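Colleague: Protein chains in written order, with this note's numbering: chain A, 1 to 324; chain B, 1 to 331.
Simulated from the structure, these hints should not be mistaken for lab results.
Treat the numbers as computed from the prediction; the structure is a model and nothing was measured.
Among the clues, some could well be false.
Across the chosen pairs, the derived CB separations fall in these ranges [claimed, not checked]: (1) B/Gly246 to A/Gly157: 16 to 24 Å; (2) B/Glu283 to A/Ile112: 31 to 39 Å; (3) B/Glu54 to A/Ala113: 23 to 31 Å; (4) A/Ile133 to B/Arg75: 47 to 55 Å; (5) A/Ala113 to B/Asp291: 45 to 53 Å; (6) A/Gly157 to B/Pro245: 21 to 29 Å; (7) A/Ala142 to B/Glu283: 50 to 58 Å.
Below, computed lysine to aspartate or glutamate pairings styled on EDC-like, alpha-carbon distance capped at 20 Å [claimed, not checked]: (8) B/Lys265 to B/Glu54; (9) B/Lys146 to A/Glu193; (10) B/Lys146 to A/Glu3.
What the simulated footprint calls covered on chain B by chain A, stretch by stretch (three residues with Cβ under 8 Å from a Cβ of chain A suffice, anywhere in the stretch; the number is not a length) [said to hold, decoys possible]: (11) 83 to 93; (12) 175 to 188; (13) 197 to 205.
Cβ coordinates follow ideal geometry from the N, Cα and C atoms, glycine included.
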Amino acid sequence: MEEAFLLSVLTLDATLRVATPLVLASLAGLFAERSGIVDIGLEGKMLGSAFAAAAVAAVSGSAWLGLVAGIGVSIALALLHGFACITHRGNHVVSGVAINILTAGLTVMVGIAWFSRGGQTPALPDGARFTAIVWPGAQALAGIPVFGTLYKELLSGHNILVYVAFLAVPLTWWVVYRTRFGLRLRAVGEHPEAVDSAGISVAGLRYRAMICCGVLCGIAGAYLSTAQNAGFGRDMTAGQGYIALAALIFGKWRPVPAMLACLLFGFLDAIAARLQGVELPMIGAIPVQFIQALPYVLTVVLLAGFIGKAVAPRAIGEPYVKER
Amino acid sequence: MKRMLIAAGLAFVMASGAAGAAEIKPAVVFDMGGKFDKSFNEGIYNGLEKFRKETGIAYREFEVTNETQREQALRRMAQRGSDPVIAVGFAQAPALEKVAREFPDTRFTIIDMVVDLPNVQSVVFKEHEGSFLVGVAAAMASKTGKVGFVGGMDIPLIRKFACGYEQGVLYANPDAEIFQNMTGTTPSAWNNPTKGGELARSQFDRGADVVYAAAGGTGIGVYQAAKDSGKLAIGVDSNQNYLHPGTMLTSMTKRVDVAAYNTFKTALDGTWKPGIQVLGLAEDGVGWALDEHNRDLVSAAMKAKVEQARTDIIAGKIKVHDYMADNTCNY
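For reference, chain B alone in the conformation it holds in the complex (with noise of 0.2 Å):
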């Protein structure tokens, strides 16, 4: 009798832990790129599955493949009790205005874009302070004076990243020329490889010797072409420095990957909140990396310049434009 009691005691405790522990039910919606596109998406994948390792609940995931998806996406989703969901990337904005309206209690968190309901969380980044670090780091390590920048889709946010860019650039060198090509006006243009490679041997044939991509998978195209060509380039969203050692001069690192951690976290913890979070560099939103892979690519110099302008950004000594708050970039 008395060891049916405890072990009747032991079922309930494991059972009620069982039900604590499932108090959430996370998804993730990716975006076009795919989650192994080595930079956003992949930052994201690599921030759940931290989340996932650490307190074992499981989450939905679909990777949206054309742009009708997304709304499906995200209302099947929270049809089927998921919460809270991560919309990935700019895209998703529009659909996920439309199902957040349907599913009020349900909690949406977006990065990359402003969505503003009740139940939404809006996470983004000071693209344009990480840029212009990498931009200064580009400047200094170019011999040529001359550098390149290829975006993915040719829309506001990728701008943003190519005017913080080109603000480091000058900032670092007054004198050098800066070669702009963005790779599409579809999103097919995030994953694009090819194309990304011969646009970025277009500005090495031009002089460029240092170029930074914000382009999704199609970077991964773009690092392949410097690698080839034996010039160096940038990545970003992700640490990419990993991917050629030796070529690649830094990344421009956008800490989605804590971003995504943090909604599932604070919602299991009770403490996630709707509204607008921006994280720049005071906040380590964004950054540029230093590891094994670059350190023989960064000199001291470097380094000391680009931590200098770091710390004069968050001082407010720098103020760097924002092509998004005026969609130009005069500065």
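For reference, chain A alone in the conformation it holds in the complex (with noise of 0.2 Å):
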């Protein structure tokens, strides 16, 4: 009993770690999407920042450095679909995805130049990285049942990155539902003639949405390089950028239910990982395939029957034109 409780709360413990590039990512996805912009981008926002912050953090030994780095590059990149996007007036989908290819190929390419292995960057040493952080009491508390497990395995012992990741979430719900950039940043998204009729500048407002998306991307990408891997590795995204924006659409375009089904697809590739090989009792051995496929299968049952329809920003991916 004790075992399984224990197994679960790892589970948990799991789920937070895999979840975390996708919270920041769709995080970032919502400012960028609220404000009208379509952001297919994510994915390539946070391989470019992956790499910077795995090259500086290698180069200068400081996964701060790395961070800052990540950052500057995945909002320079943002503000390029921005460009293209708010200023070019052109298609949202093409910038983004043009950004997708121009990053896998250039991290490589620059990696290639730099670091002559491949397009990786050399392993990073512990103090190069974020790594655990072991909340005070965590061993004296850890006798206590249930509490004490809770806050050793499930609280304790994550690096820095997963709490910001984490705190980023009310902080979101904060700026765009409490402050005034928040309801520009709505509204913008919604109806730009009127933000524009109040004399607000919408290309203004969707830029710096633009910087809000930049700065949570960069932090996703310098997480998986810096902080869950030590290292950049070719691709090393692996398609996380789309399930970030899956997982803002399946919520809504809201922090909360975006947060939530970013925990719902950690969750489920952490039991994938434990349910592999197990032989379950009536069932037998359950085929690799057959999870691995899990995930995307209830994403489906769950999209087509439980959460209704996803409304969209009603002005996303229109570019604004003040006059006809």
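With the hints as a guide, bring the two chains together.
Modeller: See below:
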């Protein structure tokens, strides 16, 4: 019994680890999409940031400098996307896909030129990574049943970016629903004409939204390469940007539901790793393929049956033209 | 006049010497993990670099980054007159089968798979024997009696590693428990360290304290996770002990570097032969790595037991079941 409890707590612990980059990226997508910009380029921004963070951390030996570099690259890519979509009224999907392809190639190319390791960055020593933070008293409290286990295994022992990700959720909620910037942000995604006639710059607001998006994506990328792993590898985001986007739509473009969707994806991933090869009573061993398809099957079922219609911000994907 | 003759003679000698050295135009097509996967492809790369340094003969190379490129890459190499051409990895077999028929005069070597054509040399390894040895080491190093295995793509070849490992673990400790995870079912499973790390952690959560990864570039994440959690890991293909000294118990070495080196070398000597080569413990094609990075982790008893198993397998006293013989792991 106790062992089963410990195992399920550890599964939740893994869920938090896996969900962290998804949460950050879907919040990033939330800022962009709520302002009316379709952001399919989350993947590319994460990848670019993951590379920059690992490269700078490897050269400087500081994870924090790596984080700053990752955020910088991500903001630059977000502004590039903004420049194409806002200033030049380009197609948002095309520009986003272009960013994904650009970073997939550019990171490897720069990596080869810089480190001559086939696009990988050197493995980072512990000093150049975000390592686990053990909360005070974790060992002392571990003896207390239930609470001690929860405290030691679930709450304590993550790296700082995990906490940042989950603190970013209430912060995003507050910004989007309780500040003037948030009100305008939502308005510009629904009805840019109204915002414009109130004398507020649509382009300016959308650029600011893209900067928020860049910061969050940058943290997500840095998490991948300097916290979860120890170095950058080719295509290391492995589609997580798209999953984050799906989670955002799943959560109907709202911060808390989007986070819950990310946690669900993370949980299914963690469960999948643990169910593989386990003999279940009555059923027997489950094939690997089924386990790996499970998160996607569940997504389809949940989307079709339980969540209901997801309505996007009304002006999403439409370039704003002041005078026709 | 005399001086001119000498100069002409020298030039002739040099020209013919150069022609002799350029007799072969070797090429290699790496597979999805990439030549810096620190494992399988990198082993081949190291063997080829050794050849290049020794002979000064450069080779053409290509790193496949998506599945459709394999056939094109092999065909381009053959079209440009490269000979011999090494196809790295089991996944290139269907592509090679086509291309080798189109270029019957080009010599091909495929590593890790059999392609039965008159101009193809196939080099395969008895991974189950090497995996048996590291299984013995894992069982002896484990304090919990639980060990893990993380595979790359779910294919019979990787099941062969897993099956040999399982047999070795149970040989040394019949009560041991083994957790197995495959990273995925597509070639991207060779290059997903994040997932590898999570799989390893899931096994540590269940009590495993030694994990063996046969997963190409994905293994990097497994070894990192072992280091972060203070557990032991076992490398594969190349000697990976140096990656994290102190937590790398050993590596199952598969001498793909020797196979790759020999392909070019024998082609240069003119002794290259088509057909199937099977390299096992007896041929030193597979083995376990003991060096300065893991000496402190390997106890005398462990070393003795592994070496004993090695001799017994070579002598035929221990029969290690080959998963690929009947696609099951019943032994």
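Colleague: Output the indices of the hints that this structure fails to meet, ascending.
Modeller: Failing hints, ascending: 5, 9 and 11.
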